[in-house]
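Engineer: Using the hints, position chain B against chain A.
Chain order of the listed sequences is A and B.
Residue numbers for the first sequence follow this note's numbering, beginning at 1 and rising by one.
Residue numbers for the second sequence follow this note's numbering, beginning at 1001 and rising by one.
Among the hints, a few may not be true.
Calculated lysine to aspartate or glutamate pairs in the DMTMM-like style (CA-CA distance at most 20 angstroms, straight line) [claimed, not checked]:
1. B:LYS1004 x A:ASP77
2. B:LYS1309 x B:ASP1437
3. B:LYS1385 x B:GLU1269
4. A:LYS41 x A:GLU78
5. B:LYS1004 x A:GLU68
6. B:LYS1004 x A:GLU78
7. B:LYS1477 x A:GLU28
By construction, these hints were calculated from the structure, which means they are not laboratory data.
All of these numbers come straight from a predicted model, not from anything done at the bench.
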Amino acid sequence: MADKILVEICVGTYAWVMGGSKLADLEEHIPSEWRSFVEVKGVISLPGCDEEGCLKPPFVAVDGKIIESATIPLVLDEIRRRLLSKGIKL
Amino acid sequence: MAFKSNAILTRREVMRRISGLALKKELVEKIDRIVLTMRPRSNVPLRCCVYKDRAVLQYKMMPVLGIAVEEEIDELMRPKDYARVALQRQEPVKGALLSVVGEACSSCPQTNYLVTNVCQGCEGRFCVLNCPKKAIEMVDGYARIKSEDCINCGLCKKACPFHAIVYIPVPCIETCPVEAIGKDELGRAVIDHSKCILCGRCIQACPYGAINERSHLLDIIRSIQSKEETIALAAPSLAGQFRATYPQLKTALLRLGFNGVEEVAIGAEETIEHETAEWVERIEKGAKFMTTSCCASWMNLVEKIEEVKPYVSETPTPLDYTVIRMRREHPKARLVFISPCVAKKAEAVKHRSADLVLSVEELGTLFIAAGVEVSQSESNDSGVKASSGAWGFATSGGVASAIAAKGVDGFNPVRINGISASTIKQIQQTAKRGECDYNFIEVMACEGGCVNGCNTLNSATAASTQMVKELGIPGLKCGIPEWEIAKK
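In isolation and in its complexed conformation, chain A is listed as follows:
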């Protein structure tokens, strides 16, 4: 089986307060047929987590690719893209 797609949600206080809490329900929105291919975890910091930096929180990394101003639909879209590129039929 292909390696699982790793979804890392920054749960640092800054990201959390500035919109990251809206991602708390992400796992519930992952379609059931995708779940065995996806692993979701919270991390304290991701590259780009900087209050005055160029990137806007909240941040999510999908297999290392940083999504800034992340929302559930954006993250799901990236997961879907990666599943397709791994040849997993959706």
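Structural biologist: Then chain B, alone, in the frame of chain A:
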């Protein structure tokens, strides 16, 4: 799914920046620069131009400083002038806690129905023929609603086969369960404070962030930086708001500068005991039912519904019990209640229970400003002191579950999970009849309970799940039935 809102993020960013400057004692010196940093000229403007954006932001700073926009005396006063006033005050804010930033308000049109350019100008003319007020005319082959004649019945929208007619809500008016929001002569939102129950839904609903809560942030920062003993009283719902355990949250609060952190859930233990006893006594004396009284927004509503008053519990709230105990144990301390909603803030101010109130959202921004990383804080404590039943007050069904767990005979509870215009009508009718299918009604104004209060950070389901796991509360799937809303 909860949706992101730039208006909410802007508010938090303003809070974060003001808190940061206040903590470094640079507020008066640097507050005027916040608008330049947040709205640089290189940005694409949100409104007509960057200068309007900056003006709106300046006004939005006033409630964060604890000052109502409606109290503006001189248009030439700058944020630093207001900051100076705020830092010099000895008492926290008085007066209405909600303030409308008129400059931010978009004066959303009251006429709710609009024909879009999807209109096909069909031969059927469904909208024209079926309008009861002949308020629709054809202009250049397409339908147009005459707003002066339209009564907002919505028949045209139902009739149109192309779905070309849309309903445009006025979000703040739409969300208010008590019709407390009207418009001034310029079409801007105005809150009728005599009707408002401070549920805070309008704060979240406004897409322009025009409705704001007046803050005690500066007063709290001054207190935690002073030599005064300052104790945080943590509402039960606080436990589910950050990605951290309660002991970690406690450590984080101590790092902020609080001298102590108390669980309001301990006060809830007393509420459970006394409310259970009160219920038993009332039922024995022939009462048909009793409602809870710990939701401050619900209690504001009760003030306006005479029929319901005799049925409402008189047991003090968890906060009341906590404050009584803390005043005894720490008579000189400043008590800061960390609250999930603006109604609770108003209650504390009105009853002079806690000295100051910090919303969960404000707390989050204060953590950021102070560089406190909550989820990396140590768990120095052995855990929580209050029972899971007491912590359960945080979610809908929690109060009823806690009393049910006492095993009293004949206890037949129901919960009102979020107040709406329909539930208010039903409660009134039930109170008038004096009969109810249940003998205990737990009322929480916010759907999901306090974990979904107007200034919380986490979603209700995620917060509830977290608290179920950590504290063993019943949570949202508590098994207490929900009040059935009669269909209109």
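Engineer: Now tell me, hint by hint, if it's right for this structure.
Structural biologist: Hint check results:
no., hint, verdict
1, B:LYS1004 x A:ASP77, "17 angstroms, holds"
2, B:LYS1309 x B:ASP1437, "19 angstroms, holds"
3, B:LYS1385 x B:GLU1269, "10 angstroms, holds"
4, A:LYS41 x A:GLU78, "16 angstroms, holds"
5, B:LYS1004 x A:GLU68, "13 angstroms, holds"
6, B:LYS1004 x A:GLU78, "18 angstroms, holds"
7, B:LYS1477 x A:GLU28, "16 angstroms, holds"
Comparing the model with each numbered hint stated earlier shows that all of them hold.
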